[in-house]
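Residue numbers (full-length UniProt numbering), protein chains in the order written: chain A, 1 to 240; chain B, 1 to 240; chain C, 1 to 240; chain D, 1 to 240; chain E, 1 to 240; chain F, 1 to 240.
It is worth saying that the hints were derived from the structure and are not from the lab. Take these hints with a grain of salt, some might be off.
Any copy, or any two copies together, can satisfy a pair, since identical chains are not distinguished.
Unchecked claim - No farther apart than 30 Å at their CA atoms in a straight line, the calculated lysine-lysine pairs in the BS3-like style are these:
1. 82 to 22
2. 152 to 54
3. 149 to 54
4. 149 to 105
5. 22 to 149
6 protein chains.
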Amino acid sequence: MRPSGRQPDEMRSIHFTRRYTKHAEGSVLVESGDTKVLCTASVEERLPGWLRGKGQGWVTAEYGMLPRSTGSRMGREAARGKQGGRTMEIQRLIGRSLRAAVDLKALGEHSIMIDCDVIQADGGTRTASITGGYVALVDAIRHLIAEKKISKDPMRTAIASVSVGIFEGTPVLDLDYDEDCNAETDMNVVMENSGNFIEVQGTAEGHPYSMSELQAMLALAEKGIGELLAHQRAVLDETL
Amino acid sequence: MRPSGRQPDEMRSIHFTRRYTKHAEGSVLVESGDTKVLCTASVEERLPGWLRGKGQGWVTAEYGMLPRSTGSRMGREAARGKQGGRTMEIQRLIGRSLRAAVDLKALGEHSIMIDCDVIQADGGTRTASITGGYVALVDAIRHLIAEKKISKDPMRTAIASVSVGIFEGTPVLDLDYDEDCNAETDMNVVMENSGNFIEVQGTAEGHPYSMSELQAMLALAEKGIGELLAHQRAVLDETL
Amino acid sequence: MRPSGRQPDEMRSIHFTRRYTKHAEGSVLVESGDTKVLCTASVEERLPGWLRGKGQGWVTAEYGMLPRSTGSRMGREAARGKQGGRTMEIQRLIGRSLRAAVDLKALGEHSIMIDCDVIQADGGTRTASITGGYVALVDAIRHLIAEKKISKDPMRTAIASVSVGIFEGTPVLDLDYDEDCNAETDMNVVMENSGNFIEVQGTAEGHPYSMSELQAMLALAEKGIGELLAHQRAVLDETL
Amino acid sequence: MRPSGRQPDEMRSIHFTRRYTKHAEGSVLVESGDTKVLCTASVEERLPGWLRGKGQGWVTAEYGMLPRSTGSRMGREAARGKQGGRTMEIQRLIGRSLRAAVDLKALGEHSIMIDCDVIQADGGTRTASITGGYVALVDAIRHLIAEKKISKDPMRTAIASVSVGIFEGTPVLDLDYDEDCNAETDMNVVMENSGNFIEVQGTAEGHPYSMSELQAMLALAEKGIGELLAHQRAVLDETL
Amino acid sequence: MRPSGRQPDEMRSIHFTRRYTKHAEGSVLVESGDTKVLCTASVEERLPGWLRGKGQGWVTAEYGMLPRSTGSRMGREAARGKQGGRTMEIQRLIGRSLRAAVDLKALGEHSIMIDCDVIQADGGTRTASITGGYVALVDAIRHLIAEKKISKDPMRTAIASVSVGIFEGTPVLDLDYDEDCNAETDMNVVMENSGNFIEVQGTAEGHPYSMSELQAMLALAEKGIGELLAHQRAVLDETL
Amino acid sequence: MRPSGRQPDEMRSIHFTRRYTKHAEGSVLVESGDTKVLCTASVEERLPGWLRGKGQGWVTAEYGMLPRSTGSRMGREAARGKQGGRTMEIQRLIGRSLRAAVDLKALGEHSIMIDCDVIQADGGTRTASITGGYVALVDAIRHLIAEKKISKDPMRTAIASVSVGIFEGTPVLDLDYDEDCNAETDMNVVMENSGNFIEVQGTAEGHPYSMSELQAMLALAEKGIGELLAHQRAVLDETL
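Could you build the full structure based on these sequences and the hints that come with them?
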């Protein structure tokens, strides 16, 4: 039995609020159960130095947790004077995943920064950041098209992400914090809507996992990501 | 005429959402017009080193802006590796103001950290942080009393804060971003409910201000803070 | 009775030594009682990036305390790897105040950095920095005029600054360290020679202050700043 | 055809030099083709604060590249004042993987730091660090046993790591730099000698990969890791 | 001919002002020609961690230049967030030299920090710091004896320092800035009053120097340091 | 008797391995007894800003110790976020010494970075870095000539470096770690092949040293450096 009472293959409820803030070109509050992440997409004309003049754009991401998004307060990274290793690892994953969804040549010389800030954490903040960041990214791209700054849609595919794991011996989908702390294995999966993988990161926390466990987890991930992609499509079909 | 169409002595609408997040002992989303700040109050047993064993508590604050809370994206302070001067100045003001509302002896050896994170900025983020931070602080104190960690309410007074300024020659109350950018003078006032001052900070942006302008601004501030204190009382009277 | 035996409205002796060091375009040792601050004004051709090509100049300030300017040694900020919040708050105040005295358009594309380094601290280092920084700034401007780099004097007004407070229930002028530690209220005031305010920053340390106390303090500040402005005029009339 | 002329399932030659340096409790130069990494294991009595008094030990890792281990010189992280995101991500992976091989309770209150410093880079530095770090770790554990600081061998399993990828449409084993730059997919796999997974990290660089490609890559990884584990056993059986 | 008109073996005038500031246990302004350095000696009870409980004391130094102590303004190290290599090299030299003058066992568990801050630079700031730092150190030691915190004078010897060099082919004593910039060789020498060496640091700036040039420079240094030691004795014999 | 059994004027064995790594233009492992330092010379077209357009080149150095190059592990400077004072002092010495060997005008607008990374430390790492760095520098210069990027050899002289000291009252050559820890005086000497000095840095660790001791140490240094220069010539005469 999962602590939340969910079935092993049952996702938490997911909810997207587009235009959550007014300044950003894309701005989405994604809520996955009690996990709440604000994803904004900011269009900037300035490219990183090593990309200038190459006729292509860039998509990257930064991630942060508000100090009291967690059960006990975490020190503010700005006050400590550096981003921790976990933060860096997560924001590199988010950026890499979202870049895989975009044809950077077709984006032209624009750069899009995805900021993912965790308002409330209950497990799965990095996968929610990718899933919500995708929606913010699409809104920013639509803004660029509406402004006639690019003529052709550079989105190559839709992507979403979910975590899976082995909890008390059973493969489960979409771990919350209580499960995440006690899972024997924790795997984050990013897929596109063809069903192919963008990223698979699976870590044995308690004991190593077998090939059949790996396959069971990937099957759950495929199911969950399918649901997330459907939610994304639905919310992006709404007119704002 | 003010850009917003408000009267010179008219506040923006103010709204407090208590228990906005689930982990913090106090957690308030304060919305003042389009300015939105999440204020959390975290109780910690650990005191700063220089206060240990002195039989008193501590209240302090940290402030941050989400990178895209503003019209154009600001670099993330955690990524730049330090908090800027404006951030430091603001969080010192918030901490100093809230400390003035508390009897630190009566608080006992507990420390309360107020985190003010700006979700969306439209002028007045520091005054909203103080006004909302007060509500979060009271909730954290009530938590300490409910947990029987302190026996007596250490709150000495209620406080709230508002900005006033001279805009196109006229003293105005509660400046939004459009006014703030163009104001000749900008003053932040923190008052307690007796009508006395906790902090007055007035800066001539365009031209120096006279004593009568100062007095006109302070009178507006007193009116506005009176309204804020009434809103705070009302929201704190609600049972959660 | 004040610890120093001064009357409530009595300033400490003030003394300016122009050309205190030989390299800077303006260089003034300001002594206010036992507080000693070296203020240098350095002319640089290089403007901050965001100001280039706008046909105007810039005035800014940095502040530091020598490690043993104080009763017990403070850690050296260069060794700790960052400037503290108090330092940042003070240097922002100094820069803002001195900028208010200058017509930046008339200054042309020159930048002037005011460095205020505290040799010995006995209260009032920030106000002494502003008062002395003004003299150093005027000397640097005169240097620019003598060098024919600007043709017209860009100084709009003279400014000076003093602290006032409530000490043992009485409003007093120009607090020294003993008073500053024990004051119920501490207010720093910057005025120009018309008697208008550039900056007012008043903080209730012990208990909130009333409107009449505020007015009493501002009246004392006006008296003290008038004396400081006269001293500045006298010392600037001397030929070096 | 692979640039190196190797078969798709052919590893580069691997070589371990134990006691490569004289000070560390474990010290191994691992050479995988032209990739050379020095792995040292340092035993320290000091545990991280949050682990003290819990009756268990700790294993962690740090990773660095010598500035000219690469084709063009990389800035020295010590001179830039921080470790980059890639460095942090890699050293977290190394530490997590090696911890999975150790029973931390049985290790007792000792901490072991694995330093992996890349002398020469030609692809696969993180997997070589794990594979070589395991050998250094075993030598440090043997040192602890020889010194009678622990009585029972805390190693739970042997681990090794290899990269696999899709290069020009073909799944290949043990990518060198030329392949790594051009691979469509890059996957790092850490396994234990039972054939179970410690960590799987697969990233689509060029295009998303299918489940069958994933399985082909994992099969190659299993083959390669089997060979690495045999090499480790052989070198650890030698008497020094 | 030297730019200053001095003879090759002629020192600049040297002047010490003891009790230059009021807070430090030792506080000396040392002026060597136009070079002015404020040296303070601060007694602290707190020892560095690695020295605690060893029954001995510590002497160390920090060095800084005020931003406009030099002909063109140098960036403030506190604002840049780190001390430069030159600063570190100099403060290590000062600390090492002054420690050589003290019997650290006899000092007992006290630590003395020598802060050397350059008010005005005209060459020879590091040697002036050592020579002036010695006087400040003796005053701090006398303070400890007067306070009966130590019973026996821990000073082992007197030390002083001077620079020598080869300027236009001629060995010269006590280089000022004009000479320092153009010297072919620059050597800093620290000696004790027995005539033995504490430190010799000679750098060929323009061309390598021969043994006979080295000996000529050391002879000049011995003469100059003899004069400095006499000045130190005289000023320390004065009653304050 | 020296701990190593060497005669007072006896060097440790010295060994150079050229082309130790494959990427750098010059790459030398220098072994002096148990001290092992990897010196790489990297040619870069980018000059420091203040040198651009001056028609000359630049040579500089960086130094680092691998964390476990020493008997007990040292914290990694990249992880601590700054280079320590000893590191800075050493890398400045290496850069200054190697620059003295090169005609920077003849080098043209190329910059050469010498990285000295200590693999294993047993005393004398800075002198080994200079001696080995020279060999790497010559190889990089030869590379530039072979690539026809410069037409004329810019090397002015050969340089090498050794440490000398007073150990148990006797002047000794080429101190290893055991001697270095206990030496009364430690002196690092850099000479060119004419027998002139590039740098002399002598520090009294235990007691001040006399002129005759200084001369005895310099005579030993001259002998040792003569041997090192012969070794350098021999290894550079080999065809690779």
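Against the structure, the hints:
no. : hint       : in the structure
1   : 82 to 22   : both (29 Å within a copy, 27 Å between copies)
2   : 152 to 54  : within (18 Å within a copy, 37 Å between copies)
3   : 149 to 54  : both (17 Å within a copy, 28 Å between copies)
4   : 149 to 105 : within (14 Å within a copy, 36 Å between copies)
5   : 22 to 149  : within (20 Å within a copy, 42 Å between copies)
This entry satisfies every hint, going by the numbered hints stated previously.
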